[in-house]
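Residue numbers (my numbering), protein chains in the order written: chain H, 7 to 349; chain Y, 7 to 349; chain F, 2 to 628; chain V, 2 to 628.
Hints may contain errors.
Claimed, not checked - Result set (DSSO-like, lysine-lysine): computed pairs, CA atoms no more than 30 Å apart in a straight line:
no.	chain 1	residue 1	chain 2	residue 2
1	F	K195	F	K156
2	V	K199	Y	K228
3	V	K98	Y	K143
4	Y	K154	V	K282
5	Y	K21	V	K124
6	H	K229	F	K199
7	H	K143	H	K154
As the list claims (entries may be wrong) - Label pairs and their computed distance ranges (CB to CB):
no.	chain 1	residue 1	chain 2	residue 2	range
8	F	K161	Y	Q343	30 to 38 Å
9	V	T129	Y	K21	28 to 36 Å
10	F	D133	Y	P344	37 to 45 Å
11	H	G52	Y	G162	28 to 36 Å
12	F	G482	Y	D50	27 to 35 Å
13	V	T436	H	G332	27 to 35 Å
14	V	Q501	Y	T42	52 to 60 Å
15	F	A197	H	G52	52 to 60 Å
16	H	D347	V	A502	41 to 49 Å
17	Y	D50	F	P438	21 to 29 Å
18	F	P438	V	G107	40 to 48 Å
No wet-lab data here; the hints were simulated from the structure.
As the structure is a computational prediction, the values presented were derived from the model and not from experiment.
Using N, Cα and C, we set each Cβ at its ideal position, and we do this for glycine too.
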Amino acid sequence: MSTAPETAIPVTTKKDWATDQEVRWCPGCGDYSILTAVQLMLPDLGVTRENTVFISGIGCAARFPYYMNTYGMHSIHGRAPAISPGLKLARPEIDVWVIGGDGDMLSIGGNHLIHALRRNVNINILLFNNRIYGLTKGQYSPTSEVGKVTKSTPFGSVDAPFNPISVALGAEASFVARTHDMDRKHMQAMFRRAHAHQGAALVEVFQNCNVFNDGAYDTITKKDVRGHMLIDLQHGEPIRFGPDGERGVALDGRGLATIVDVADVGVDALLVHDEADPDPSVAFALSRLSNGVGRPTPIGVFRAVDRPEYASATSAQLAEAQAAQGPGDLHALLHSQPTWDVS
Amino acid sequence: MSTAPETAIPVTTKKDWATDQEVRWCPGCGDYSILTAVQLMLPDLGVTRENTVFISGIGCAARFPYYMNTYGMHSIHGRAPAISPGLKLARPEIDVWVIGGDGDMLSIGGNHLIHALRRNVNINILLFNNRIYGLTKGQYSPTSEVGKVTKSTPFGSVDAPFNPISVALGAEASFVARTHDMDRKHMQAMFRRAHAHQGAALVEVFQNCNVFNDGAYDTITKKDVRGHMLIDLQHGEPIRFGPDGERGVALDGRGLATIVDVADVGVDALLVHDEADPDPSVAFALSRLSNGVGRPTPIGVFRAVDRPEYASATSAQLAEAQAAQGPGDLHALLHSQPTWDVS
Amino acid sequence: MTDVADSSTARELSQVIIRFAGDSGDGMQLTGDRFTNASALFGNDLATLPDFPAEIRAPAGTLAGVSAFQVQISDHDITTPGDAPNVLVAMNPAALKSDLGRLEPGGTVIVNEDTFEDRNLAKAGYDTSPLDDDTLGGYTVIRVPMTSLTMEACKDLGVKTRDAERSKNFFALGLISWMYTRPLEPTLDWIDKKFAGKELVIGANKAAFKAGHAYGETAELGEHHFMIRPAALEPGTYTNINGNTALAWGLIAAGHQAKVPLFLGSYPITPASDILHELSKHKNFGVRTLQAEDEIAAVGAALGASYGGHIGLTTTSGPGVALKGETIGLAVSLELPLVIIDIQRGGPSTGLPTKTEASDLMLAMYGRHGEAPLPVIAAYSPAQCFEAALEAVRIAITYRTPVVLLSDGYLANGSEPWRLPDVASLPTIEANYATEPNQVNEDGEPSFWPYQRDENLARPWAIPGTPGLMHRVGGIEKQDGTGNISYDPANHQHMTDIRQARIDKIAESLPPLDVAGDADADLCLLGWGSTWGAITGAVNRMRAGGQKVAQIHLTHLNPLPTELGDLLRRFDHVVVPEMNMGQLTRIIRAEYLVDAISIPKVMGQPFTAGELIERIAAATAASGGPR
Amino acid sequence: MTDVADSSTARELSQVIIRFAGDSGDGMQLTGDRFTNASALFGNDLATLPDFPAEIRAPAGTLAGVSAFQVQISDHDITTPGDAPNVLVAMNPAALKSDLGRLEPGGTVIVNEDTFEDRNLAKAGYDTSPLDDDTLGGYTVIRVPMTSLTMEACKDLGVKTRDAERSKNFFALGLISWMYTRPLEPTLDWIDKKFAGKELVIGANKAAFKAGHAYGETAELGEHHFMIRPAALEPGTYTNINGNTALAWGLIAAGHQAKVPLFLGSYPITPASDILHELSKHKNFGVRTLQAEDEIAAVGAALGASYGGHIGLTTTSGPGVALKGETIGLAVSLELPLVIIDIQRGGPSTGLPTKTEASDLMLAMYGRHGEAPLPVIAAYSPAQCFEAALEAVRIAITYRTPVVLLSDGYLANGSEPWRLPDVASLPTIEANYATEPNQVNEDGEPSFWPYQRDENLARPWAIPGTPGLMHRVGGIEKQDGTGNISYDPANHQHMTDIRQARIDKIAESLPPLDVAGDADADLCLLGWGSTWGAITGAVNRMRAGGQKVAQIHLTHLNPLPTELGDLLRRFDHVVVPEMNMGQLTRIIRAEYLVDAISIPKVMGQPFTAGELIERIAAATAASGGPR
Ligand SMILES: Cc1ncc(C[n+]2csc(CCOP(=O)(O)OP(=O)(O)O)c2C)c(N)n1
Ligand SMILES: Cc1ncc(C[n+]2csc(CCOP(=O)(O)OP(=O)(O)O)c2C)c(N)n1
Ligand code: SF4
Ligand code: SF4
Ligand SMILES: [Mg+2]
Ligand SMILES: [Mg+2]
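The task is simple: from the sequences and hints, build the whole structure.
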């Protein structure tokens, strides 16, 4: 097995991380800005292209690996979070990024996603949530709002969507964050945090599909409303938002996260965000602040806690076994049951 | 299509609900007591055998339908929560019970489970959680505790288990409850509630597998410890437990559920359980009280809220369409595109 | 047909093949569709071949972004969208580059010359403009500044430049409509309906369309003015229909004829999604549709509905069928009606998702563990998808079995005129739900055996809600009759045999097999699925050229028609053109020990009749002539 | 072997077939295992057939709860656990009822007569005791009150009654050990080790075992005292091994020989789980195992590991293979090494999960959408699973392809003596990771083409972490060489052809096919998989009876050995016994147009040699003798 050489990380620029393949998204698609954010961030991350792998499923979002000059696999629909743990377990030294859409990761791939989070395999999962099936031309997805009229729901959908942050927290995720395609800096900050996290990291990215679900996030991410509608979670800080920080989040008497006017309740009554809380309950409460995109919506890191990471725990068991039993001896193995000799 | 006759429900007893098939569980298995609880409850539920269906996957638990003198399907591993919504959508008037183990429902069937909960299809899901794979003779399951030594984890497992209640709440479940195989009355109460609920109802049943994971719940469900270790949630009541109700649950300053001495904090400081809270955050916090079975563990109904039910919403769309467009006219359909005549 | 452009100056043609090619954003599918519909309403026979990339909108101007639509229209019965196009409409350099090779020698190229500027040429990989070098030597080239003429036509309408520019496909449509003397009204009407409420768009599109039409009149294109008379089709009312719509309607018709509600569990996938879309619209027929979380859930829900007495349906393509295998196996064991519809596409894996192929036959036959036989049928033309759907449901219900119905991307999206059947003439299907106990138990009481078989070896369909028939079914082997779990060795053999025998029995219900062409020929072309059009075209041409040739086209692939073996043994050569590497060929060889010769093709494109004639000649020559 | 019961009074036998049958809770598998191991260490050749129900512990005393273990031991080379048992040990009435029919005419029945009381008789469905009516007429019956004698033997040990009673299987084992002059030490040693720390259990089991042994000595069973000498096997060191263990060890050996770590992604399923269990133990060999959330994740993780340069493995049975099809198709498209191990069991659906069958061959061949060929190989005896695993890994790595390795429940659980190979003699496997660019791009710079092929048409295995070889792979069709996405029609045909050609090329690396028996016979028995033992037994007997017969046994099912067609055409009759309904038969017929005749069996039980001989005679007679 070859491993990465122990030389200094070469200096690279965005160009080095891009392939020569034409980017085939629709003009105006939010995926472009995510791609740019990633390609601009990686040169600063202290990683090499050869030790970086992007694995995706199928969907518009899932075309991502073709555009990254790293190792990459464009796999099959829903299976990126099933395939990537295998790679990470086999090669813990490799950075594994998992890319997929809301259909890919929450519909067909939902089970793999929650199990990857539970196991806490050290992979970085970017979920491009455009609340629609893009590549198959516009059916509703498990994050589409109730009543949505799409090709497959001409009379409006009748089922409630998932809140991806709630799903992840319910599945024991150790790192959960949210960002959006209109803010490169914020995206990069979240991707960096996901990368730094030792364990499975899920970043939900609000992404605009301008062809089949245009403007899905306009009410919260457009420049002019953003200040009022996005609640930027900062660890250790009271949760405030609004152009002048005039609003905030507090827990009401029943422990539910509620939006308050700071002037009414005072700064001290605000909830101080603790992403490292071992109990995910408050992070969960924050995820319920806005179910959908009509109300002020938290972005940032909901939760980031240390707990045993699966790939390193596996490697540790291997190392322990070798320490205890010595490296595998094939002859000894073959003779490990009772034997007899015929001469 | 035949539908149920509108006659009075005939009087039945346990015997009427049992088939003539030998029950093939190991002697002492917790599944027996669950079966008995169900067979004793159904005669009082105001339902008929012909309008009742049990659908299961594969596993020891999943043998359940064979023992019920109702309609039943013993399907394939993990797929009962995928198959049963189809039946319920097709035949909303039929009671559908879904039975499976922790492997069946949370491992291979995890995705179907969370989507059935999200969609809120009116099915009653009983998850027999013995924290082990019984039928395949003892591998660890997604609810097994960290470090568990099983046939497939001879050096101990390294991945954190799911908390089924948290998973369900993260997946937008409208009804979530927990009970255990040592308390027939409590089981029956939960099953009744699940049945009454209009939507997907998940009941986790702590179940002892005396062959491969014996005593998994002894520290909380045995008669002598139960009083100290089981927190019986009651809607509208302050959450108290202990032989004399001397302990209780309160929310701490950060909104986390905590166990307190009633003498210390006073009854008024206790959390009043509100299963109908539209926000699942407090129910989620309660689910985190005990992650595993070493600490006092809530049982009862965590959450029971009304939200649109999928099968009836589907039926309503059909009815509306028929009202608006009239019943389908095949001739008109065939002529609905531009046509021309050749003579 | 009053608005047909003056046809007095038009030369008569018996058919023409036109290919519209442009950028994904240029609206070529719509243009082709409109031309097709106008031709259909005019009374031509026709066949279409939409041909588009997997990307929603690949970058403008690139080869990857080229989207094309080919249509053949004629004054007589035709079965394919034609071999090489006579006319290629190229909306930009990339379209020219990618599709020129398909054009017939000496054919006509119509280009939007406005787009032939440096940036687009470079994107298409042209060093110099093909309009200026000898690239187009030997072709008739019509250069039209479509973009600027469209802008000009729209300039007083108050439309934004970008929107005006977008109407250029209607200019092209107008021009072609003039050249082939198409009626204008259907298109003008359609614009009104489609863009209702968007007056500016309506205005721009109509202006562009009329400008294109006028351009033909005025720009001395006289020698390109043609007339193709209506085809003398069988009398009746016709509509132009694609395969997916026909299939969806066939399912609705089947539910209607069986008086059993339809339930579709589906997960979107190209090229099957449109069936889900279509069925979702017809809730007033009592059709329930569920967009499931994945393919396994989709077929699972359908099976659940079947257990409940509905016709469980699931629509998908290859990757979905690969996922559904285990659940289909359960359906085999439960002996419940279920229809699995596979709109095949290029494989393996994600393959060529928007291109056609027919390589899932073996998967349909064998894609389950254990001995799990089930009927497989295949549609052979867009309109015939209607009948195929009815037949699939008939078999599923009558024999209580899952059925795989195969179609493909070409049938799904391609269209043809369809003589609408009279509803009264449709076959009826008997659901025959069980209503009564069928046994008496030891105590002399009525009881119910879920696996007691009828004359078709089919078991009762006893649906929940029926008093007295409570029973359990499951995937573990069961005792025949009682349905109780049984590990008895002899019973397992018996059940395996009976599951096979029940499928074999279906053959008894099939109409006699039709041998087209010359029954006494040495050569028989054996086909299945969408190759029907090309094979028929080849047979017609070969026979017209004096060659004797027979044609057998299978709609039932499992069980095979009883008489097939004897029929095939009559011929010296059995040649099997397939859109795969020889899957039916293998089945025929195994079944009948007939030395069937495969003509395989997996190129994402259907056979053309001409290509087939050549390859048949080569194949029979190689196999050494008559034996 | 000092402790072998006095053999001077024992009559010599060349072999015996014993069947232990009792309740699931009676420990019959353990009893059979112990008897087998003692016989192995004694030097006999042997073959075993464990036969148990799907329930963990079905209700005591019922027919559904009967668990049996059959073993044949001999003083010469044997290949099957025997046809009809000579001796049936029946621990209760249900066991007698369910298994008596298997006993040879005139055979010996040993019953635990204590259990023949009303309740048990009723549970087994006996109206009167078979010990008292003529049920056992014609058999030699040995009635032993095993339960009470065991209790008696334990009475002074301080063991609880229930625990004492549980030792009765050791009483039976002791008795049989006396009857067949087995050494006692291995069993006594084993009891010490197995129950270390549980002194009471050790005491009870040993007491019961010795009591059983003594019972033989003292109870005038003299005429039942036999001796079966060690078999003259090839010189070497032997161990008694079952198929799943041999397979797991073969995988470890393959990783060792290739110097590539193993990664197993698996989801538990009978009868494959034990391979997961075994591999999980050997972490010091660098073996990583992941119990995944389902089969799709299991094969997905394995594929991810393969992409990372490990040998990706996945173990399962039929239902799991049915689920993995889509991901295996991706592996076909990615051209990465991957080994899919299918321990077949009775199907369809859940079928007979603990019973053997070999009906997944077609699934292995065709269970993917599109044209997705891959190599299929099959193990043929428990010990040979070791070699088969090595061969599967060799092919997967050398040809960069997923490989399906078929075994079955009979091989998995059955055991036989295995002459341990010398580690130095094992084949080496070259992983040949790519380390350098293999192209120069337009700018003259080194670049890397992930689909540039070597002489085997295999592509480079360039694993993450290798500088300069960054590349993308995916399931969409790609250009040969560069690996870039390509929808080009000709390229798709080319890639389809080359994927097939690469698999076909494997045939060049296979050793010449072995024809056993009489190469000049009219009749050839063609087999694959676990039928090898029974077919070999049949061939030996037929030849011993003066009949000429040839035998070909395939380990490679895809591609088939190059010379197979020519070989088969030499015979008048090609007969193919299979544990399915004729799957290989179909392949052979399609491939070679040879009129291969199927002898199918799906009864959850392997063929016996005797049964085969009869069915071969019938089949060849029916097919009308030599042509
Ligand atoms: C097994 C399988 N099922 C279905 C599909 C069809 N399919 C491709 S992408 C997709 C969903 C796309 O939606 P999403 O994951 O949200 O990605 P987006 O295109 O919106 O980025 C579907 C259903 C497939 N390729 N494979
Ligand atoms: C597709 C498939 N995979 C695996 C299996 C094997 N299998 C049967 S039951 C089971 C798990 C049993 O555990 P659980 O669901 O917890 O039920 P329990 O037996 O503990 O009641 C497994 C892995 C199967 N039957 N089908
Ligand atoms: S369809 Fe939507 S998500 Fe897909 S590329 Fe186009 S804009 Fe982006
Ligand atoms: S194995 Fe465990 S869960 Fe299964 S029947 Fe036995 S005791 Fe019950
Ligand atoms: Mg999406
Ligand atoms: Mg379990």
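Right, here's what the structure says about each hint:
1. K195(F) x K156(F): Holds: K195(F) and K156(F) sit about 22 Å apart, inside 30 Å.
2. K199(V) x K228(Y): 27 Å, holds
3. K98(V) x K143(Y): Within the cut-off at roughly 27 Å; holds.
4. K154(Y) x K282(V): 14 Å, holds
5. K21(Y) x K124(V): 20 Å, holds
6. K229(H) x K199(F): 29 Å, holds
7. K143(H) x K154(H): At roughly 15 Å apart (the allowed maximum being 30 Å), K154(H) and K143(H) satisfy the hint.
8. K161(F) x Q343(Y): 30 to 38 Å: 32 Å, holds
9. T129(V) x K21(Y): 28 to 36 Å: Distance hint for T129(V), K21(Y) holds at roughly 29 Å.
10. D133(F) x P344(Y): 37 to 45 Å: For P344(Y) against D133(F), whose Cβ atoms are near 43 Å apart, the range 37 to 45 Å holds.
11. G52(H) x G162(Y): 28 to 36 Å: The hinted range 28 to 36 Å holds for G52(H) and G162(Y), with Cβ atoms some 34 Å apart.
12. G482(F) x D50(Y): 27 to 35 Å: For G482(F) and D50(Y) the Cβ distance comes to about 34 Å; the hint holds.
13. T436(V) x G332(H): 27 to 35 Å: With a Cβ separation near 30 Å, T436(V) and G332(H) satisfy 27 to 35 Å, so the hint holds.
14. Q501(V) x T42(Y): 52 to 60 Å: 59 Å, holds
15. A197(F) x G52(H): 52 to 60 Å: Holds, since A197(F) and G52(H) (Cβ atoms, about 57 Å apart) stay within the stated range.
16. D347(H) x A502(V): 41 to 49 Å: 47 Å, holds
17. D50(Y) x P438(F): 21 to 29 Å: Roughly 27 Å apart at Cβ, these two residues keep to the hinted range, so it holds.
18. P438(F) x G107(V): 40 to 48 Å: 46 Å, holds
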